[in-house]
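Enquirer: Just need the whole structure built from these sequences, with the hints factored in.
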Amino acid sequence: MTPTDRSSAPVRELPTPARAILVVGLIYLFLIGVSALEQGIKLMGEDVQERLFESVSNPLAGLSVGILGTVLVQSSSASTSVIVGLVASGAITVDAAVPMIMGANIGTTVTNTLVALGHVRHSNEFRRAFSAATVHDFFNLLAVAILLPLELTTGLISSIAAWVSERLVGSSGSDWQSPVKAWVKGPVGWLQDAWNAVGVNGNALGIVMVATGLAIVLVSLAFITKNMRRLIADRVERSVNRVLGRGSGSVAMLLGVVVTMLVQSSSITTSILIPLAAAGVVTLRNIYPVTLGANVGTTVTALLAALAASSPDALTVALTHTTFNVLGIIILYVPPFLRDVPIHMAERLADVAVKQRVMAVAYVLGMFVILPLVGVALLR
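Plus 21 on top of the position in the sequence shown (first one is 1) and you've got the working numbering.
Please note: incorrect hints may appear among the correct ones.
Have a look at the derived ranges for each label pair, beta carbon to beta carbon [unchecked claim]:
#, residue 1, residue 2, range
1, Ala39, Ser144, 43 to 51 angstroms
2, Met380, Lys206, 47 to 55 angstroms
3, Pro357, Gly210, 50 to 58 angstroms
4, Arg360, Trp211, 50 to 58 angstroms
5, Trp184, Trp211, 33 to 41 angstroms
6, Val240, Val395, 28 to 36 angstroms
7, Arg360, Asp214, 52 to 60 angstroms
8, Thr174, Arg142, 45 to 53 angstroms
9, Pro38, Val302, 29 to 37 angstroms
10, Val395, Leu135, 16 to 24 angstroms
11, Gly220, Val240, 20 to 28 angstroms
12, Gly220, Val395, 35 to 43 angstroms
13, Leu135, Ala166, 20 to 28 angstroms
Keep in mind that the hints were calculated from the coordinates and are not lab data. All C-beta atoms, glycine included, are put in the ideal place defined by N, C-alpha and C.
Expert: The structure is reproduced here in structure tokens:
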């Protein structure tokens, strides 16, 4: 067979049942990673935990860390899962984690904004694509601007999450005997024994376990997302086109929730919409509720991660993610007089970006890199 013949040979696809089984295995691997991360932080000792807490004790610094961490891994699912692991280990408190969760919500929107930049050479397409991408940005920014001060002064979000968590698993003062924790305990123990066997001990063992847990979380989530997209990609695009064509806000929002839960990535859900918006197939007002549903759907990953933890606080912080997004919708979308505010902001920014393309790049760098870096440097 010639090289040309080999390159033109069709790539074999996994059968759907086999791919579904693979996804289940990857979810189990993801839970092992979260548990290994928690165990590693515990092994690193209280001094390290205190330093971690001090670095995010300022809520604006925590917000900045959440944005940067999510931008770096391009996934709020991954960053919030790590935050859940930190809370489960006692490295940070629920109060310190809430701003980080909010930051993750902002950071995850960078992906669809970058996708919009791909249309920069065609003015009309770029205007539609950039406004469709940044409406997600502005909703999350406004939600943080309203709910972060409210949380800091009243503890509203964490109180609601703690109330739900207590009803589900009991008081935060005792460990929650999660059945998932028992399922992953063996593999985490094997990982620890394996590193011990090669001479890694003490604080070094904790650091290596944290690195191992992070690697497992990131890799497993990446493959879960890839395989789920393969499983349902065609169905997703058909459903999006059909639902958005009807123009129903509540149904579109539900679609955003369901699709994001299935593909385990709000970035995929929202990025699917950008080319459709650029082509003028769907309108900004039809896209908007889907992005809000994606915000809620992506919180499922943190809830799943909490199942691998033994601390009720881990479930509480996962529930704060859901609570924050639901309250954001209630405050900014349900009242008709506020519903269009993110839309108008996105349209105005798109008009500026079309006239001066450099402003689009400056916006991305400033919002998702420079300002968070300044926040961490000055406020930690």
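Enquirer: Looking at the structure, which of the earlier hints fail to hold?
Expert: none
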